[in-house]
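Those protein sequences? They're chains G and Z, same order as listed. Read in the numbering used here, the first sequence has 497 at position 450, and its numbers run on one by one without any break. Read in the numbering used here, the second sequence has 824 at position 15, and its numbers run on one by one without any break.
Treat the hints loosely; a few may be bogus.
Short derived list, chain G residues pointing at chain Z, Cβ under 10 Å [as the list claims (entries may be wrong)]:
1. K207
2. G220
3. G417
Derived from the structure by calculation, the hints contain no laboratory data. Because the structure is a prediction, the values reported are computed rather than measured. Glycine is no exception: its CB is placed at the ideal position from the N, C-alpha and C atoms.
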Amino acid sequence: MTELIVHQHWFLWMTLLPLGAAVATFLAPRQARWIGFTTALLLLLCALLAIAAAIISKAQTITAGNWSTPLGIELRADGLALVMLAITALVGFIVSCYALSYFPARGHHQSRTHYFWPLWLFLWGGCNALFISADLFNLYVTLELVTLASVALIALEGGKAALAAALRYLFIGLLGSLAYLLGVGILYATYATVDIALLGDMLSATRLNHAAMSLMVAGLVLKSALFPLHFWLPQAHAKAPAPVSAVLSALVIKCAYVILLRLWFEVFPALETIAVGHLLGLLGSLAIIWGSLMALRQERLKLLIAYSTVAQIGYLFLVFPLARSQTMAAAWVAGVLMMMAHACGKAAMFMVAGTIHHTAGSDRISRLAGAGGPIGVLVVVFTLAATTIIGLPPSGGFFAKWLFINAALVTGQWWYLPIILSGTLLAGAYIARVLGWAFLDVKRSSYPVIPWVMKWPPLVLSVIALLFGLIAFEPVQIALIGAPVSTGVLVELRP
Amino acid sequence: MSMALLYAGSGIILFSIGLHALLVRRHLLRKILAANIMGSGVFMVFIAMGARGDAGVADPVPQAMVLTGIVVSLCFTAVAIVLAVRINHLTGCTTLAIDEESAID
Numbered sequence: 048m049t050e051l052i053v054h055q056h057w058f059l060w061m062t063l064l065p066l067g068a069a070v071a072t073f074l075a076p077r078q079a080r081w082i083g084f085t086t087a088l089l090l091l092l093c094a095l096l097a098i099a100a101a102i103i104s105k106a107q108t109i110t111a112g113n114w115s116t117p118l119g120i121e122l123r124a125d126g127l128a129l130v131m132l133a134i135t136a137l138v139g140f141i142v143s144c145y146a147l148s149y150f151p152a153r154g155h156h157q158s159r160t161h162y163f164w165p166l167w168l169f170l171w172g173g174c175n176a177l178f179i180s181a182d183l184f185n186l187y188v189t190l191e192l193v194t195l196a197s198v199a200l201i202a203l204e205g206g207k208a209a210l211a212a213a214l215r216y217l218f219i220g221l222l223g224s225l226a227y228l229l230g231v232g233i234l235y236a237t238y239a240t241v242d243i244a245l246l247g248d249m250l251s252a253t254r255l256n257h258a259a260m261s262l263m264v265a266g267l268v269l270k271s272a273l274f275p276l277h278f279w280l281p282q283a284h285a286k287a288p289a290p291v292s293a294v295l296s297a298l299v300i301k302c303a304y305v306i307l308l309r310l311w312f313e314v315f316p317a318l319e320t321i322a323v324g325h326l327l328g329l330l331g332s333l334a335i336i337w338g339s340l341m342a343l344r345q346e347r348l349k350l351l352i353a354y355s356t357v358a359q360i361g362y363l364f365l366v367f368p369l370a371r372s373q374t375m376a377a378a379w380v381a382g383v384l385m386m387m388a389h390a391c392g393k394a395a396m397f398m399v400a401g402t403i404h405h406t407a408g409s410d411r412i413s414r415l416a417g418a419g420g421p422i423g424v425l426v427v428v429f430t431l432a433a434t435t436i437i438g439l440p441p442s443g444g445f446f447a448k449w450l451f452i453n454a455a456l457v458t459g460q461w462w463y464l465p466i467i468l469s470g471t472l473l474a475g476a477y478i479a480r481v482l483g484w485a486f487l488d489v490k491r492s493s494y495p496v497i498p499w500v501m502k503w504p505p506l507v508l509s510v511i512a513l514l515f516g517l518i519a520f521e522p523v524q525i526a527l528i529g530a531p532v533s534t535g536v537l538v539e540l541r542p
Numbered sequence: 810m811s812m813a814l815l816y817a818g819s820g821i822i823l824f825s826i827g828l829h830a831l832l833v834r835r836h837l838l839r840k841i842l843a844a845n846i847m848g849s850g851v852f853m854v855f856i857a858m859g860a861r862g863d864a865g866v867a868d869p870v871p872q873a874m875v876l877t878g879i880v881v882s883l884c885f886t887a888v889a890i891v892l893a894v895r896i897n898h899l900t901g902c903t904t905l906a907i908d909e910e911s912a913i914d
């Protein structure tokens, strides 16, 4: 049994399976729903097996076609790849369940159902391929696969606003990835390889390498929507259908960020990056404050959640200034935890927003007046998911912020402390504003009955988001398999 | 080497021209063209990289990468054109300048 688990390359199946299923759902649109659901189930299973294999035999690598590295393509399932594969499988499975009911088999929006499944499976396959890629060019190709599928998914609604958001997203994506690709080209010119591990060993602090790094970081920052390059995000995420918004916010943003994390810790350590780290930290701090303030001002639930994503992305970028020698592991782990916690919480929130839109007929926050009674389950799910966004214990968001604050104190960068605290307060404020409307003592007449698949899957995800902190030790242990940081994570306060 | 540098330099100039047009021009077709010019600039840099090394023998890896890049850029152009045509059908305009407030519902 152990033999079987270790000798199969499960993470490779996690790429091939969704891509194959995407083609199948495209060719047989009538069977799309059950093919899609079965694939989601199988992917969840594969993720568990891949993690089991990695726990037994550490990080696995495959060299495609047995061509060795300078020329060949290497696929690698290290800790970061595994936790991302797992969280994608979890969120993807729940979103798939939700989509079964959100996109019904019959009705006048039938074509949307037919297009959703192939595109969503392509996106899923692209994400999984991205996480296991170990060379810069492969990362570019997979990132483009993800972007292309996302563009089509945003356009699914078909209205002019959705189309405009999709096209804007396409241009932004293209701009970001071409800047990244130019950086890859410059690196290739000097070192004649695009393999992450080889480059990490060879790189030295030259002016050309700094130019390449600036281009790549700028491209990826644009794609992960860091302030002030976040302008495209709220429209794109708010215009898409709810399951798509959930996936975009929870997973697609993280794709560009994962590449950045890999570059920073595996390729660029030899370069003098402290100034760039401070710049990213500054932009991250501004993102936290600006995103939260904008979220506080929104009249629509989906826009509020989208601006909250802008703020949460800010926290992810605090990793870069905070990762100094002794806090390297703590900051890295905090970033990974933040990604996972945000993926669970934000996906659940977007799905609830979709259900509320479906039942209340609009996603204006004021329309939620008195909704706490008739659609109380939804409000509860929303609140549970929001705990991790605010960062209340025992959610994953709390532990990530704890590690960030810890790293800030250890490295003497105290100014991140008030930023994190005020971000937390503002998050509390914009969530409380939604709840304030929901629990107004107003009699609302009737809401249509909500199908159970639109109600319960988001609840599962939000409970996981809430309790994530309690089980955070295991995911962290898995993430640290073959990680680029030393394994000691500081968890005590030491000013 | 100087020839390769000339190509790489022109590639970067093309990239900059495309970048400028993509940010400044409002007509969707111009934006799509600009993105393509940017892409071509990057590909030229890659091709120039292939000329380095032993005299007379080109490095095939950048050429393979450019082929992949061309496929990606073709897909993006196709999707962008479809979206642009659709927007033109629905709104009658050729820009993305849609009033955000009215577009919300």
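To see whether the hints hold, each was checked on the structure:
Evaluation of the G:K207 hint against chain Z yields a held restraint, the C-beta minimum of about 4 Å falling below 10 Å. The interface hint given for G:G220 is met, as the beta carbon of that residue sits about 8 Å from the closest beta carbon of chain Z, less than 10 Å. Taken as an interface hint, G:G417 does not check out: its beta carbon lies about 22 Å from the nearest beta carbon of chain Z, beyond 10 Å.
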